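Enquirer: Residue numbers (our numbering), protein chains in the order written: chain F, 429 to 683; chain V, 47 to 347.
Bear in mind the hints are in silico, worked out from the structure with no lab data behind them.
You may find that some hints are simply not true.
Taking CB as the label site, the calculated pair distances span [what the hints assert, rightly or not]:
{"no.": "1", "chain 1": "F", "residue 1": "Arg517", "chain 2": "V", "residue 2": "Leu266", "range": "21 to 27 Å"}
{"no.": "2", "chain 1": "V", "residue 1": "Leu160", "chain 2": "F", "residue 2": "Arg513", "range": "31 to 37 Å"}
{"no.": "3", "chain 1": "F", "residue 1": "Arg513", "chain 2": "V", "residue 2": "Leu322", "range": "53 to 59 Å"}
So the derived list for chain V, only partly shown, Cβ under 8 Å to chain F, looks like this [what the hints assert, rightly or not]:
{"no.": "4", "residue": "Leu95"}
{"no.": "5", "residue": "Ala97"}
{"no.": "6", "residue": "Ala237"}
{"no.": "7", "residue": "Ser241"}
{"no.": "8", "residue": "Arg251"}
{"no.": "9", "residue": "Gln259"}
{"no.": "10", "residue": "Leu261"}
Predicted model only: the values in this text are computed from it and were never measured.
Ideal placement from N, C-alpha and C gives every residue a C-beta, glycine not left out.
Here's the letter readout for the chains.
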Amino acid sequence: MSGEPLVRIEALRKRFGAQEVLGGVDLTVDRGEVVCLLGPSGSGKSTLLRCVNQLEEPTDGRIFLDGELVGYRPRRGRLHRLSERRINRQRAAVGMVFQHFHLFPHRTVLDNLILAPRLVRRRSRERLRAEARELLDRVGLAAKADEYPARLSGGQQQRVAIARALAMRPTLMLFDEPTSALDPELVGEVLDVMRDLAQDGMTMLVVTHEMRFARTVADRVAVLDGGRIVESGTPDRVFGDPQHDRTRAFLRHLD
Amino acid sequence: MAANRSEPATDTGPAGTAGPGPDTAGVSALPVARQWHVRRWVLAAVVLLVAIAVARSMWANPAVDHATIARYLTASAILGGLRSTLILAVVSMAIGLVLAVVVALCRLSRNPVLRVLGFGYVWVFRGVPLLVQILLWGNLALFYPRIALGNPFTGQVAVSWDTNAVVTGFVASVLALSLNEAGYTAEIIRAGILSVPAGQTEAGRALGLSRWQTLRTVVLPQAMRVIVPPVGTQFINMLKMTSLVSVIAGGDLLTQAQNISATSLRTIEMLIVASLWYLAVTSVSSLGQAYLERRLARGHR
């Protein structure tokens, strides 16, 4: 299966009532690749991410993760919804980082990291503690292990959230505007962690408005508008020589 | 007073540099005077005087015999009543809480049948007065003289019991109190669960936790902060509502106190005895609640 991309999205559609948020999206992400999703707000970027992690159920289309169909299984010529258990297992292989962190406020930083691996992977507390401390060290927060999240800055909370997702040893990391809720001076520390992660070979699908990050870290960028990918390619190509009016309008608006 | 101080203070604000206001250097050097809170002290004095006057008039009232209060405070009938009240309240509350969680989860379920069931439960058990529910359970035998296990469609009966032998006064009391309690507490628990931001559930689910694991380890612990204060009030209410079961069973604290006053004609004294015990028990319960709330505040500022 070496030719199979880690993520393959085919003709993905999602509508909320009468409103079509995704109107047929095709996208692949190869192993170790960093793909940034760009586009104006309301263009469907977040919904696309949430479909990959099954926080939303697509209206139509297919998503394959590591060659395995997400959310359904074929049987006698039809696709049947997977059991909760199987869906949970698929989700566990995908890490997600939210705009507003969503750390668990009633648990310490260390407990935030070990909660899911302990319950889902059923691994020993001691081993998980040691691993969690390594992960915290990696995001530069080893000293904060026993603090409660409310005592951390936004940037620190988001770095903990990244470490929490990594604690599940995901094969894919999804980032949903990870720096949009941060004070400007705290954005850099989160992007640094993400850059390190990309350099270590993590496969990442990132919704962001940080054009510098997209330009320097992404292997590919895809521009969404009105629920469709209007343009995609290497950052140099898309930023340097945008082909589509929508892309040009979007990039112009940022400068 | 405050205006006098704060006005020049804002002028000197920018790090002591020569501000635009007059006499900046002089004001900067002045110490802040102590605040005396005169109104608080006056109010405290008035409250204290009134309290002493009320206490004196009650203490000196010839209608109240202190020796009677002291004697009956630890009388075996009263202590027995206290014991019944505590057992009734604790058992009913425990059963009510478990049932309340189930009903609350039904009301929040994605399954429409469960939602209707949960709604119906709250509708019935919160809507019918507790006293009526107590009377209905106490008089169940009028409705169903025998309780039977069997096939309801063919009428075959496997085993059956006399209703009055199974649903004793105590059982009827616990049934009425706990089922009623669950109706109210279910709504408190539902409110608590709804108070936890949706992002918390999403974070748990995104990490691969199941619905139940997310509820148990992420949502409910946070909902507890909202749930505990009103449930504490519910428990205190429960302690006092046990007095209503006197209509079918009795044995509770207030009924025992009234039984004694019926024969000894010491009505006020016995009501004071009962009040003192109710206050003592609710005080202990409030302390427990305060402890729980402090524990649950961890991680929150």
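Enquirer: Among the hints numbered above, which are violated by the structure, and what are their numbers in rising order?
Expert: Violated hints: 2, 4, 5, 6, 7, 10; rest satisfied.
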